[in-house]
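A.B. asks: Could you put together the complete structure from these sequences and hints?
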Amino acid sequence: SHLKAFMTSLHKLQENEVMTDVTLILPDQSAIQCHKVVLMAASPFFETMFQSGLKEAVEQDIKLDFADSGTIRSLVKFFYTGDIKLTAENIKAIVAGSEFLYCQHLKAHCEEFLMGNVGLSNCIDYYQFGKVFNLEMLIKTTFDFILSKFGEFMEISNFDKLTEDELAEIVSRDRLNAENEDVVFEAVVHWVNADPDVREEVFSRIAPLIRFPFCTQTMLTDKICCSSLVLKSECIQLAQEAVWSQFHLNCEWKSEQEMLQAEKNPLIVQLADKVYAFGGWETRVTQEFDPALNEWRMRSRMPGGCCYGSAVALGDKIYVVGGY
Numbered sequence: 001s002h003l004k005a006f007m008t009s010l011h012k013l014q015e016n017e018v019m020t021d022v023t024l025i026l027p028d029q030s031a032i033q034c035h036k037v038v039l040m041a042a043s044p045f046f047e048t049m050f051q052s053g054l055k056e057a058v059e060q061d062i063k064l065d066f067a068d069s070g071t072i073r074s075l076v077k078f079f080y081t082g083d084i085k086l087t088a089e090n091i092k093a094i095v096a097g098s099e100f101l102y103c104q105h106l107k108a109h110c111e112e113f114l115m116g117n118v119g120l121s122n123c124i125d126y127y128q129f130g131k132v133f134n135l136e137m138l139i140k141t142t143f144d145f146i147l148s149k150f151g152e153f154m155e156i157s158n159f160d161k162l163t164e165d166e167l168a169e170i171v172s173r174d175r176l177n178a179e180n181e182d183v184v185f186e187a188v189v190h191w192v193n194a195d196p197d198v199r200e201e202v203f204s205r206i207a208p209l210i211r212f213p214f215c216t217q218t219m220l221t222d223k224i225c226c227s228s229l230v231l232k233s234e235c236i237q238l239a240q241e242a243v244w245s246q247f248h249l250n251c252e253w254k255s256e257q258e259m260l261q262a263e264k265n266p267l268i269v270q271l272a273d274k275v276y277a278f279g280g281w282e283t284r285v286t287q288e289f290d291p292a293l294n295e296w297r298m299r300s301r302m303p304g305g306c307c308y309g310s311a312v313a314l315g316d317k318i319y320v321v322g323g324y
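Residue numbers for the sequence shown follow the UniProt record's numbering, beginning at 1 and rising by one.
There could be a bad hint or two in this list.
[Said to hold, decoys possible] Below, a list of computed lysine-lysine pairs in the PhoX-like style, where the Cα atoms sit at most 25 Å apart: (1) Lys149 to Lys223; (2) Lys232 to Lys274; (3) Lys107 to Lys140; (4) Lys4 to Lys55; (5) Lys77 to Lys12; (6) Lys12 to Lys92; (7) Lys92 to Lys63; (8) Lys63 to Lys4; (9) Lys264 to Lys274.
Hints in this document: simulated from the structure, not taken from any laboratory.
C.D. replies: Here you go:
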């Protein structure tokens with residue numbers, strides 16, 4: 001076609017330095033001979049530079065350092081030919097260069113390349129890169145990909161590099177593709193454990209976004225309610241409410257950890273976050289249950305037996321009344 005033949009001829013003139021009128025000095029001190037009119041037509045950056053009345057408008061040599069020499073050479077070649085080789089290795093530099101030179105058509109071409117190469121190994125990287133350079137279609141593509149592959153979060157490279165706001169945005173979406181909320185909880189804990197000194201504080205802000213009622217009962221009782229992160233945060237109440245709601249929904253008794261020593265008609269009372277069982281028929285044994293650890297411990301024996309009495313917690317003490 002005429003356009004292809006024209007650009008081929010134009011590039012040949014540039015390579016042979018025919019009627020070139022400006023020299024681009026690259027970071028490695030190499031030089032490229034160019035035509036100002038071509039640079040101006042291809043890039044608003046050069047158009048402004050050569051029409052500004054500043055010294056660059058009249059100087060023969062223009063020093064460029066906005067990118068490495070190889071990237072600048074690729075960009076100049078693109079101006080003359082319309083062709084550019086995009087790879088996983090050079091794509092970010094080309095995008096940054098096209099942004100600097102205000103080459104929106106090249107930037108859009110790069111965005112299409114990135115969107116066509118999104119995978120588990122780069123979706124987080126490309127998502128964050130897209131936000132830096134305002135690549136809206138890439139942002140949407142990578143975000144949707146992350147949502148669709150969230151169940152495989154352990155396979156997603158740089159998952160722990162997400163910011164707090166990014167993780168919160170992902171976890172809060174109804175379109176999140178996970179077998180259940182167990183996966184979501186484990187993903188959040190994995191993210192926190194990547195930088196615990198900083199992120200343990202963040203957990204209390206992200207945890208309320210987890211839909212605890214949709215976690216499995218086993219996960220709730222065996223892991224979530226026992227997690228040190230949960231116990232230290234305000235969301236312990238949310239997790240406990242989820243456990244209680246599941247018990248109500250099931251309408252059935254569920255056996256938990258057996259007492260260390262069986263007691264007949266013991267007195268049961270809660271103090272702080274522990275449950276105490278003591279007294280009963282012919283025994284002075286006191287046992288303490290820790291829900292966080294799901295285990296019983298023996299405590300000091302009662303000074304005397306007590307059967308058919310009542311027990312109540314007040315302040316930091318337990319009072320026993322009645323019985324015999």
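A.B. asks: Checking one constraint from the list: CA of Lys77 to CA of Lys12, max 25 Å. Satisfied?
C.D. replies: Since the Cα atoms of Lys77 and Lys12 sit roughly 11 Å apart, the hinted pair holds (cutoff 25 Å).
A.B. asks: Hint check: Lys12 vs Lys92, CA-CA at most 25 Å. Holds or violated?
C.D. replies: Violated: Lys12 and Lys92 sit about 28 Å apart, past 25 Å.
A.B. asks: Check the hint pairing Lys232 with Lys274 against an upper bound of 25 Å on the C-alpha distance.
C.D. replies: Status holds; Cα separation ~16 Å.
A.B. asks: Given the hinted pair Lys4 and Lys55, is their alpha-carbon gap at most 25 Å?
C.D. replies: violated, 34 Å
A.B. asks: Can the restraint linking Lys264 and Lys274 be considered satisfied, given a maximum Cα separation of 25 Å?
C.D. replies: holds, 20 Å
A.B. asks: Quickly compare the C-alpha distance for Lys92 and Lys63 to 25 Å and report which way the hint goes.
C.D. replies: holds, 22 Å
A.B. asks: Given the hint that Lys63 pairs with Lys4, does the C-alpha gap stay at or below 25 Å?
C.D. replies: violated, 30 Å
A.B. asks: Does the structure keep Lys149 and Lys223 at a Cα separation of 25 Å or less?
C.D. replies: Holds. Lys149 to Lys223 sits at ~24 Å (cutoff 25 Å).
A.B. asks: For a C-alpha distance cap of 25 Å, please report whether Lys107 and Lys140 respect it.
C.D. replies: holds, 16 Å
When each numbered hint is compared with the structure, violations occur for hints 4, 6 and 8.
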